[in-house]
Amino acid sequence: MHPNGLPDAQGLYDPRFEKEACGIGFVANVKGNKSHDIVRKGLQVLENLAHRGAVGCDPCTGDGAGILIQVPHEFLKRACAESGIRLPGAGAYGVGMVFLPSEASQRSPCEALIEKIIREEGQRLLGWRDLPVKEAHLGDLARESRPYIRQVFIARDALNEAEFERKLYVIRKRIENAVRQSALEGRGSFYIPSLSAYTMVYKGLLLPNQIPLFYPDLADESVVSALAVVHSRFSTNTFPTWSRAHPYRYVCHNGEINTLKGNINWMRAREGRMSSDLFGDDLKKLYPIIDEGQSDSACLDNALEFLVMGGRSLPHAMMMLIPEAWSGDPHMDLDRRGFYEYHAAMQEPWDGPAALCFTDGKLVGATLDRNGLRPARYVVTKDDFVVLASETGVLPIRPEEVRTKGRLQPGRMFLVDTVQGRIIGDEEIKADIASRKPYRQWVSTNRINLEDLPEPLNVLQPDHATLRQRQQAFGYTIEDLKMIMMPMATTGEEPVGSMGTDTPLAVLSDRPQLLFKYFKQLFAQVTNPPIDPIREQLVMSLVTSIGPKANLLGETPESCRRIKVTQPILTNADLEKIRTISDGFFKSRALSMLFPVAEGPRGMALAVERLCRQTSEAIREGYKFVILSDRGINAESAPVPSLLAISAVHHHLIRECSRTEVGLIIETGEAREVHHFACLIGYGAGTINPYLAFETLTDTVRDGYLPETIDAATAESKFIKAVNKGLLKIFSKMGISTVQSYCGAQIFEAIGLNADLVERYFTGTASRVQGIGIEILAEEVLRRHAVAYRPNVPIRQLEYGGEYHYRIQGERHNWNPETIATLQSAARNNSYATFKEFSRLVNDESKQHSNLRGLFEFRTGAPIPLEEVEPSTKIVKRFTTGAMSFGALGKEAHETLAIAMNRIGGKSNTGEGGEDPERFIPLPNGDSKNSAIKQVASARFGVTTHYLVNAKELQIKMAQGAKPGEGGQLPGHKVDETIARLRFATPGVQLISPPPHHDIYSIEDLAQLIYDLKNVNPKAAISVKLVAEVGVGTVAAGVVKAHADKILISGDSGGTGASPWSSIKNAGIPWELGLAETHQTLVMNNLRGRVRIETDGQLKTGRDVVVAALLGAEEFGFSTAPVIVEGCIMMRKCHLNTCPVGIATHDPVLRKKFAGQPEHVVNYFFFLAEEVREIMAQLGFRTFEEMIGRSDKLKARKAVDHWKAQGVDLSQILYRPEVPADTATHHVQAQDHGLQNALDHKLIGLAGPALQSKQRVEVELPIRNVHRTVGAMLSGEITRRYGPEGLPENTIHFRFTGSA
Amino acid sequence: MAGGRIVVVPFQGSTFVPEETIIIGNVALYGATGGEAYFYGMAGERFAVRNSGAKTVVEGVGDHGCEYMTGGVVVVLGKTGRNFAAGMSGGVAFVLNEDGGFERRCNLSMVELEPVRDKADLAVLKNMIEQHARYTGSAKAKKLLEQWDQSLQKFLRVMSVEYKKVLEQRKLQKAATREAAVHG
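Line by line, the protein sequences give chains A and B. Going left to right, the first sequence walks through residues 1 to 1300 as my numbering numbers them. Going left to right, the second sequence walks through residues 1 to 184 as my numbering numbers them.
Because the hints were derived from the structure by calculation, they are not lab data. Worth double-checking, as some hints may not be accurate.
Residues of chain A placed beyond 12 Å of chain B at every Cβ, according to the derived structure [stated by the list, open to error]: (1) R78; (2) Q181; (3) R422; (4) G704; (5) N724; (6) Q809; (7) D999; (8) N1086.
Computed footprint of chain B on chain A; a stretch qualifies when at least three of its residues, placed anywhere within it, have a C-beta under 8 Å from a C-beta of chain B [said to hold, decoys possible]: (9) 104-117; (10) 212-221; (11) 368-377; (12) 665-675; (13) 979-991.
All C-beta atoms, glycine included, are put in the ideal place defined by N, C-alpha and C.
Same shape as in the complex, but just chain A:
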């Protein structure tokens, strides 16, 4: 068991991806008057936030709830006396809440340890009190996992209040470290919710209403407090985790820290450099400051506590960790800006959505992240009472009592000072803190701007003679130049492509690949929103400063002594400026990333070790910059992959706790695509000089490949601009706003790298199918190098590449002229034999390592006769077509798919563009163009009540395989009259889809939308579309708890009408991994039975379907294949409106060429089903259902002799969690949506006369925040009866009173 009560990592499940969301709030008496009423009101707020929390598989066990209050002295004095403890006066002791193992034999060693550390720290134990608890109301899971809870009391003898509080912190950190490192039995349940002289935390794996029942203390009238902070939790699992409830010691948090990995690493990296007068020698006892393996919120709490204990005020520390958006705000007060700039030099932001309530027992407040991605509303009454919470209406307050009401705005703070007895607004707090020290002046004196440095005398010039060779050595292809770099240099934008990727994973490719290709970008989905970096640029920032970072606990003018850059790509001149800087402090040393070719692969490993060693030496010698450079390659020397070099050095320095002593700059010929730069920054590079990319551009200008208006300098600046834009897009996919916090945040998953390589050089990165090690990586470098420097055969021409477009000599593509022609012929001629030929071609291609499923084979045995297998007509009902919008596809192509799917009883999907209402009416011949699945995407195009009530399934698209975490744009020329009508827009005007659903920033928001949609159309199943990435399983668990009926796991190879190539190629992972992770995680959580799982992503054959079923899928989506059946020839021109076969176009002339027929599509799906049946017969399955999740029927293929693929290990994909025999492993039960409690049943009843005979109805009703959705079911009912026109104006009039 994991220390926090979570299971250990197993199969594809890893506890570190657990997420949570919640409702938060606090109540306080502004004047600091303590009363029991505050506690009672806090509990009432908590109870009213219950619907923001969740319950797991056991309805009586909540996900966690808690309350933080001030230490109630009178109560404790009396209660302690009963336990034989004599407490000193108020404030003269500290109280700890301690979770202990329930077994007495395990408990006493823990207690002994605590007592020993208290003694060692020179403090006096007053005694232990057994905390009374009542477990009668607990759920089974909570009861079984319940810790034994005691309070420990420590006397404050000699120390002053601040010193004592700091000492209690040291004691707690020492205890936590000691327990973690010990072999004590039952240490999994050990935890200290709080240890303080000011505050106490009562929390647990409870439902909000169970808190006062479980902790009878809280009902005692003498438990008084001037403030109470509360939290109701919604987690993405059902595991018993008492410690993960909030509040923590200082905060409770609604949100998610996206840059957590980087923040933890940076904190660790600082440890070597920190010093503090306040802590003195105690400082070292606190390490690690952040206890990894906790939730993100707990980590943030650790960091905040450290800063506060280190001497900063609570709001000051908060402003350092979660700064508002300052760099792009020209109107900000200059002192405040100075404050942020100064602190940015020491502390990177903890970036991500956050609404935080915080308190130190005297101050209590709340703040929002820069994007304001979580809600917070407050009310102040005339009798000095304040309530702030995630939503309004959590307490009944009479309107005449209200003094002010408000909401917390993005980046703002709201503070109650119970000692001063007043509320302090955002302006005042920040002005006060920003003027404490002359931060602005310190910055202007000590910080250097790169722009202000003198232009260098000599800048390295291009070397045309060796260019081709060097390009080849770094793996450049003609495609890279033509399709990626030249468009970037011409337009300043990333190039756009269409359809899905169908080339092999890097580890399965025959060709040597760049290390970057083994890394896949992660992205936000459901538990936190991606951001729109274009429309919401004001929160984004590429500004950073480079160089060493100062002691985090110090506050000196020199603490901000760094070099500021406005963006992270350095020109050659920029780099020279740094190299030749006259300020002796910023000495830089260049280290060569080259290794001798003669030493072979081993030479590269040695070179990496050398780089690490040399960097440490440079630090010892006082250098402040290390430039890792691969300049100077030649026939004898080859380059270490830049990503390997930077990450190896970065992690080496983190381990040595010296990372903050030096700035790392990388000078490399390798980086040329946005994804490359993102990888380098994500693994620790501060700035990058891509010299060969610049030389290449100069060369293309010289050879006349770029338009005449573009000279070399323009090409360079446009290229940098395109990289900058692309970087912001990649950050924002994960909901990250600043390069400062992205740096080192490792927002990637590796596919195809072995554990040795990853653990050593990319520590903390997920890599779940293993793969190549450093030797093969070096082999790839050497192969490229060998071609470049072949003796006596100078290289004239680069290879074409063929990564983006199929070429005979190029990279393999699943869809190639042969497979396309064969499939079309099979479907058109209704020839099963030809289909079998297609399927053989595709499966062979897969088996030649184009994708993971190709590496599996079936464990056959005990076959059954084909006739005994369920009929095709049943199997085809499990098939769907993908969400291709009318907009991306033309009218005929879209309607043909719908007719075909309705004929076979499968489901077609509207896509995100709405649907023409005339399609809802069946055709005279019995066909129907009505898509069974209606999508609800972020732009909500065409989502009307009428649309919703005409669906069998409503699909909420959270992400799309080709471009997860991104929005989209339909250019004006594709918006014709019909599309504009359906999308409620104007013809000829471009349409933008936002990256996030603006009503879904978290899992409880998704739960709300599911509930809303279910209200409008109770008969429709609600499905949620996710894209595979590491952690998708835990997100899916949350989605099941949010009551989705179905989850779609899309693979990275999904198609698109238009996306940046870098997203099509580098974001997301194959469905095999995402599906298996989801299935395993849901089974482990006992949630699998409540939901159906669908998967998609280049599924083509019966074999693909069976592999997916065995890995856990019930339904299967197809897009490219049926579109090819309709006539698509993969021209990849969907984004241009010039589709030559009339599919992805609205041009009436081109559309005439459309030759697809529903019959063809029907044929294809029946062929598929037939092939599925054949395999089922071989495997001995009579029904499809019994096949789902039977990964034991798959095994990895033997004799994989591929030079790279042989290291791939699929065992985690095939893992089957050990669960009780009765745990469901496929869909068996319907979700309980709780619709019976909806207020709308009453409304519909009351509106009866209107609904039946259009009579006017007027009613008054009360309303509260627990009425989650009002009017939706009624609207659905009206539309079902009266169509889109509804009822005449003023027919139904409801007047509600209350807050909701």
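Please arrange chain B on chain A, whose structure you already have, making use of the hints.
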């Protein structure tokens, strides 16, 4: 929201100033395709984001108001937050620019600001404020109507440049067709 009318007013007996007090949360009218809504108070962040058909009056909005809007009419009788009209490609917003600082708070990369001159615009704006006064009893709306000519000076029309161009083209086309019909 696809149709119908929503009216939100403060409790009777409230003593706070409605037009300075938040009355609805974030992301109200997201993706609305039709209907009307009147809010006697301020809205939170991202008011009417992706609105494509609803007509609404509100007395103030938070950041990112009317983001990605493609249709409908939004009238704001008070202050807006930052980044108003980012990515707004259609529809129209009328904002009361009392402190003269609206331009700073508006994202001008896709839209332009103009005084309200067009006759049709004038009619729509006045009518919606009248409706607002009628349904909510808004003091602010009543005051604005009392001195309508002066009030009008303070309104700015927010409209997508591209959208405006298309509308103008259409007008021309219509005129041309009419002319062709007359002469034809």
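Could you tell me which of the hints above the structure violates, numbers in ascending order? Going through the list in order, the structure violates hints 7, 9, 10, 12 and respects the others.
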